[in-house]
Every structure is written in C-alpha cells, then in structure tokens.
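Chains as they are written, first to last, in this note's numbering: chain A, 1 to 154; chain B, 155 to 308; chain C, 309 to 462.
In short, the hints are calculated from the structure, not lab data.
Check each hint, because a few of them may be wrong.
DSSO-like mimics (lysine-lysine), calculated; alpha carbons at most 27 Å apart, straight line [as the list claims (entries may be wrong)]:
1) B:Lys303 / C:Lys457
2) C:Lys314 / C:Lys331
3) A:Lys23 / A:Lys6
4) B:Lys177 / B:Lys160
5) A:Lys23 / C:Lys368
6) C:Lys367 / A:Lys6
7) B:Lys303 / A:Lys60
8) C:Lys331 / B:Lys303
9) A:Lys59 / C:Lys457
10) B:Lys177 / C:Lys331
11) A:Lys149 / B:Lys160
12) B:Lys214 / A:Lys23
13) B:Lys177 / A:Lys149
14) A:Lys23 / C:Lys457
15) B:Lys303 / B:Lys160
16) B:Lys214 / C:Lys314
17) C:Lys368 / B:Lys160
The structure displayed is predicted, hence computed values, not measured ones.
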Amino acid sequence: MADFMKSEVFLAFSTYASVMLVKMLIMGPLTGYFRMSRGAFSNPEDARAHGGTDEESKKKLMTTNPDVERVRRCHQNDLENIIPFIGISLLYTLTEPNLSTALMHFRIFAASRILHSIAYLVPLPQPSRGLCWLVGLGTTFSMVYRVLKAGMRL
Amino acid sequence: MADFMKSEVFLAFSTYASVMLVKMLIMGPLTGYFRMSRGAFSNPEDARAHGGTDEESKKKLMTTNPDVERVRRCHQNDLENIIPFIGISLLYTLTEPNLSTALMHFRIFAASRILHSIAYLVPLPQPSRGLCWLVGLGTTFSMVYRVLKAGMRL
Amino acid sequence: MADFMKSEVFLAFSTYASVMLVKMLIMGPLTGYFRMSRGAFSNPEDARAHGGTDEESKKKLMTTNPDVERVRRCHQNDLENIIPFIGISLLYTLTEPNLSTALMHFRIFAASRILHSIAYLVPLPQPSRGLCWLVGLGTTFSMVYRVLKAGMRL
C-alpha cells in the first residue's frame, strides 16, 4: 500500500485534489469579504455584529448584493464540478494510468477551473466562462470513460 | 493493493460511484438547457450572449423561471445526498462486505436517486419523490451502520 | 492493504468521516421538518400534499420562511466545509500521521462543526458562529499543509 501511495500518479492526484479543494474553500472567506464590504448579510445576527444596532439599520444591512450573489454562484459551480472531479480522479488514479496521461487530465481540469473563477468574478464576456466549464466537464467525463473501461460490475 | 482494487466489490463501488456522479453532473448541462430555452439567466453577461443586446431586453432575460428553479433544486438534492453516498460507500467497500450485500445497497441507492430525479422533473405527485429520497437516505444510513460496526476510534 | 485499513489512524478517519457525513445528512430531514411545521414549500406538488387543495391555499403554502432558510444556509455551509474535509482528511490519513495528531485534527474539526450548527440554529450572537467556522477551516488547512509537505507532483 505504502508503495502505491508514494507512486508519482498518486502524488499527482493528491496534489491536484488538494489544490482544487483549497481553491474551492477560498470562495467561503471571499463571500464573507464581499458580505462585509458590501454590507449585505442574510442573518440578523450578522447584520447586528456589523453595525445594525437598531431595527432600521439592521434591515438595511440584510439585502442581497449582486457581487455577493456572483461569488455565491461561482462557489456553487465549484461544488457542482470540483467535488465530482475529486471522486472520479481518485477512481481514475486507482486504475493506475500513465503518469503523463493522468497529469494531462489533472492540469487541464485545474487550469479550466481557475480560469472559470476568473471569468466569473471579473466578469469576462461569454463564452469564456462557458468554455472553461465545458473543458472541465469534458476532462471529468474522459476520466469516467477510462474508469468504466478498466472494469465494471453492475 | 492492486488485488483489492480488482475485487468484485471494489469494481461494483467504482461502477456505481461513477454512474451516480455522472447522473449528478448531467444536471449542470440540463440547467443550462432550461436557462437557454426559457430565457432565464442570472448573469448579465449570459443574458447579453443570448439576445439581451440592449438594457431592456437584457433585463427581460434576467428573471427566475419555475422550470429552471426546479432543475436547480433537483441538482442541489443530488449534491446533498449523492456526495455523502460516495464517501460512505467507499468506507463501506473498505470493510470488505459480501458482494451481494454491497450490490444490493448500491443498486437500491442508484435506482432511488434516478427515480427521485424523474419524480422531481416530471413532476409526479407526492409522496413519490419523498419516498425515493427516504429510500436513498435509508440505504446510506444502513452503510454507515455497517462501517461503524466494523470498527470505531473516537 | 487490509492491515492499513485496520490501523488506528484509518479507523479514526473512518469514524469521524462517517459522523460528519451523518451530521450533514441530518440537515435534510430537518429542512423537511421545518417546511412542514412552518407550511413553507417550494414545490406546488408538496404544497398540495400538505393541505394546499385549492389554488389559494396552495399559494399560501408556497412562501419562504426565515426558519427554513436558516436551516438551508446551515446545510449549505456544511456542504461547503465538511465535504472538503472528507477529501483532505483521506489524503492526510494516507500520509500515515501520528494517531494523536490525526485525532486532534479530527476532534477539533468535528467539535467546531457541531458547535457551528448549534450557533446557527439557536441562533447564538456573533462571533460564535464565525469562530466555529474559522476553527474548522483552519483545521482543514493544517491538514492540507501536511498533505502537500508529504509529497507533491505538479
């Protein structure tokens, strides 16, 4: 076991899975930053902690803000795409692929998701964001194909 | 290690995990399809790319549509239920269960989630969707019980 | 392989991963309970099944309720934080850490997330919820650091 876990392919999986999860986790504090700088909270206790001492000012701090909603949609898209990638790429890694093929999949996925977030948050005109999303999805499906080709039991 | 990864139980896990993740990933493009066919976007740059060239037509394309919201709730329910299943069923597979017991869990879960999506998207009258959700949840809890019975360290 | 899967560190991972996923899964039925007791549904077929027999009473049951929305935000925060923890802690466990260090990470994370939900649902005044969230996030990042220090392949 220890041998496999020290193999180059497993190290590559471990590295890219960590990087992608960190990228996704960062969206949390980023949402918090936008909520605080824009003064747009969804909990009354948060509004109170940020200057909403009386009812009127509290109500004013409990709005939806387009920048906050944008970060939240970007975070949600990460949940919908990065988490399946982690599961599929673990299964893919266990099929013992070539290091170069595996690295190609991991690198393309990671680049597509980082560019996706940039395209979402700047925002860049479409279809830049859509293309990044499609490339990431295609990479995941390519790994699914290799996992199922390596063996199936329904 | 390679031996275990080629065991029937692991192949069954790998197959059902892949199928469930693919089922969940498909909700993404499906949301995109409904957004485009219904003309209901949440980003101004998406509305612009689909005919919202002036301010007025752009605003008209940035509404919420009941069909889009329905697909999104279905997708969210998949995230809340399929991802925990992947984690629990990996741990369950590592306890080396009987192939037939494992397959029974995986098959019931997969069927319940596919029927759940059909019940959500048609939509079928309740309690069809609720029952599908409960069956999937029960299957997951049955696997949790077996994982914790096999060994615990708190 | 079987040896590693019976190691104390792996058992600890398996136990805490299961407990955290169960904690997250419980938010689903909890949302259902609040929807039913508050009479606040998002699907017409759900409203119909809970007394919305005519158009007017159905419309009245399809509102948003602050308690329902609070549980949903709590559930979403679990998805955003507990799922990355499962992935990272699996990779961390595979680096074969000391049992005591691993247990410390798992216990702090589990406590922080259970307290986070209590602080969210009571609700307790801020910064209690914010601190619980930060402690959980810090624990996850500490494990990321140890995973990447153990080996990287970009």
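Against the structure, the hints:
Between lysine 303 (chain B) and lysine 457 (chain C) the CA atoms are separated by roughly 34 Å; this puts the pair beyond 27 Å, and the hint is violated. With a CA separation close to 24 Å, the supplied pair lysine 314 (chain C) and lysine 331 (chain C) stays within the 27 Å bound. As the CA atoms of lysine 23 (chain A) and lysine 6 (chain A) are separated by approximately 24 Å, the hinted pair is consistent with the 27 Å bound. Taken as a hint, the lysine 177 (chain B) and lysine 160 (chain B) pair is honoured in the structure, with Cα atoms around 24 Å apart against an allowance of 27 Å.
Distance restraint check for lysine 23 (chain A) and lysine 368 (chain C): the Cα-Cα separation of roughly 41 Å exceeds the 27 Å cut-off, and the hinted pair is therefore not satisfied. For the hint pairing lysine 367 (chain C) with lysine 6 (chain A), the CA-to-CA distance comes to about 59 Å; that exceeds 27 Å, so the pair is violated. A C-alpha spacing of about 51 Å is found between lysine 303 (chain B) and lysine 60 (chain A), which places the hinted pair above 27 Å, so the restraint is violated. Simply put, lysine 331 (chain C) and lysine 303 (chain B) have alpha-carbon atoms about 18 Å apart, close enough for the 27 Å limit, and the pair holds.
Restraint check for lysine 59 (chain A) and lysine 457 (chain C): the C-alpha separation of about 47 Å exceeds 27 Å, so the hint is violated. Proximity of lysine 177 (chain B) to lysine 331 (chain C) is assessed by CA-CA distance (about 24 Å); at most 27 Å being required, the pair is judged to hold. A hinted pair counts as satisfied when its Cα atoms are at most 27 Å apart, and lysine 149 (chain A) with lysine 160 (chain B) qualifies at roughly 13 Å. Under the criterion of a C-alpha separation no larger than 27 Å, the hint pairing lysine 214 (chain B) with lysine 23 (chain A) is inconsistent with the structure, at around 34 Å.
Distance check on the hinted pair: lysine 177 (chain B) and lysine 149 (chain A) sit about 18 Å apart at the alpha-carbon level, within 27 Å; holds. A threshold of 27 Å between alpha carbons decides the hint, and for lysine 23 (chain A) with lysine 457 (chain C) the separation of about 18 Å falls inside it, so the pair holds. Annotation: proposed proximity of lysine 303 (chain B) to lysine 160 (chain B) holds, straight-line Cα distance about 25 Å (limit 27 Å). For the suggested pair lysine 214 (chain B) and lysine 314 (chain C), the alpha carbons sit about 59 Å apart, so the restraint of at most 27 Å is broken.
With a C-alpha separation of about 55 Å, the suggested pairing of lysine 368 (chain C) with lysine 160 (chain B) is violated against the 27 Å cut-off.
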